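A.B. asks: In order, the protein sequence lines correspond to chains A and B.
Using the numbering used here, the first residue of the first sequence is number 1, and each one after it goes up by one.
Using the numbering used here, the first residue of the second sequence is number 1001, and each one after it goes up by one.
FYI, nobody ran anything at the bench for these hints, they're computed from the structure.
Hints may contain errors.
Stated by the list, open to error - Non-contacting residues of chain A with respect to chain B, defined by C-beta distances greater than 10 Å in every case (computed):
(1) Tyr18
(2) Lys23
(3) Ala196
(4) Gln306
(5) Val356
(6) Glu370
Said to hold, decoys possible - Example chain A residues on the side facing chain B (calculated, C-beta under 7 Å, incomplete):
(7) Gly72
(8) Met78
(9) Ile79
(10) Gly174
(11) Thr221
(12) Gly222
(13) Ala225
(14) Gly228
As the structure is a computational prediction, the values presented were derived from the model and not from experiment.
Built from N, CA and C at the ideal position, the CB exists for glycine as well.
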Amino acid sequence: MNYLFSLEFLYLIASITYILGLKMLGHPETARRGNLIAAAGMTLAIFGTIFLFQGEVPTLVYTLIGIAIILGSIIGWMIAKKVPMTKMPELVSLFNGMGGASAALIGLIEFEHYTGQTLSVFTIIGGVIIGSISFSGSMIAWGKLNGSINKPIRLPYYNILNNLFLLAIILFAGYMIWSNTNSQLYLYILFFGALAYGILFVIPIGGADMPVVISLLNSFTGLAAALGGFLYDNMVMLTGGILVGSAGTILTFAMCKAMNRSLFNVIFGGFGETDLSESKGTDSKITGSIKKTTASDVAILMNYCQRLIIIPGYGLAVAQAQHAIHELEQLLDSKGVEVKYAIHPVAGRMPGHMNVLLAETNVAYEKLAEMEDVNPEFQNTDVVFVVGANDVVNPAAHNDPSSPIYGMPILDAEKAKQIIINKRSMKPGYAGIENELFYNQKTSMLFGDAKEVIQDLISEIKGM
Amino acid sequence: MNELIDFISTNLDMVYVVILMIFVGIEVIGNVPAVLHTPLMSGANAIHGVVIIGAILVMLGADPENKLALSLGFVAVILGTLNVVGGFVVTDRMLEMFKKKK
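Turn these sequences into a full structure, and let the hints steer you where they fit.
C.D. replies: Quick look at the structure:
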């Protein structure tokens, strides 16, 4: 009977809630409940750890733990509640970094207590390395997503340099384990080395690939937590950590697949180089000129068409134009135009991000059409309005085998009768490749900031 | 090598847990629609905040005279809490939006 109130039993329940929670997160109807269940399990495990601890603990330590948890909860809660939905992905990255840092700090403290016990030292050093990489990498990813670091920075031969550096870290760690050292100096060299590697690892990767990187670092942190579980013989850390490590890895691959990229390509390639060499030929294939149009022309077109499909992309999120587009959609709807949004699975900054953004502005669920459902409808559509999207409508994915995005599922915007594309400039999209859709005879380009352009359209249409 | 075999034989249950959990993780994520990738990643992110338990254990076991260990542990607990609380709250916020439109 006593077992029911033991820590091991609480950990068992918590582990089950994690599995159940993750499973439920995978289905739209149960997702929210799943998250709450996992949160409840976590709370149970945390309080169990504190109150069921066997051993003498001075009040000071209890007080400190209490203060730390309260402080962390208040700050975490405030950040999570205040940050606008467009900034969600970088927030995930930020919190992921915190977890990584926590794992690294645990290793830094525990190192001296386990000198001589090879396997414990192995888990400690592993936790320090993985946690530190996850921390510094996540911080760079965070900076990239919020725009403070906006260009991929590539040192010459960065691939070889990075790999040599990683190899050096691993060899050094191996030496530390093998030599049974208790040198704090070595430990801190390793710690700062891993931090530096995390930066070097993420900094050459372009902003569009950040979701994949965050997902990968997410599973790293899971692994770091699991190593802590080994160290302390702690089942809940082990189950939670391994679960996230494995689920995170699969999720990383799923994301790569949705973007038609290989993980290898994300980490070592970057769209940049692969195309420069390959797409030379493609550039010359694109002939014709682009046609510019004005807001008033587009307004007339939209006002008198019957079916309109909006294709929102990253540019819409950057311009914070999701409220404006919703207003435009309602206005056209009231004028009898059938309006829909076609959502590419990877539209926005992360897979599913666009759905979250539009849902926030109260766009009706029925108006959001998934790619497979909407693609057959394009040929019966009068006007397609592409806002800040590029690669997801690039026909090269269908008909140019030399293109790096060849084979990626796209929205068949080119089948519509008229195509209006809003972009800030002719700059190519993330993939860094030309888009022949811009040169299509049916296409008109409407240059300008998405939000301003949409607001102009709204006032034009209102005036009609 | 001997040490590794020793470790496996004394911690056989942990080895089982690791292997089974890897498969549970793979199984649980299979066939999730792309729409839910972001919330799922965020939820998983919150779950690895379980590392906070390690941070708490560090503090509970620390020598109260060791000020460095206590302060590092203190920071580790704060960071771990941020990961857990922030992670779950953000995920809930995302999913709340999904619910509204239904």
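A.B. asks: Could you run down the list of hints and mark each one as holding or not?
C.D. replies: Hint-by-hint comparison with the structure:
no.	hint	result
1	Tyr18	violated (5 Å)
2	Lys23	violated (5 Å)
3	Ala196	holds (20 Å)
4	Gln306	holds (25 Å)
5	Val356	violated (5 Å)
6	Glu370	violated (8 Å)
7	Gly72	holds (3 Å)
8	Met78	violated (9 Å)
9	Ile79	holds (6 Å)
10	Gly174	violated (14 Å)
11	Thr221	holds (5 Å)
12	Gly222	holds (4 Å)
13	Ala225	holds (4 Å)
14	Gly228	holds (4 Å)
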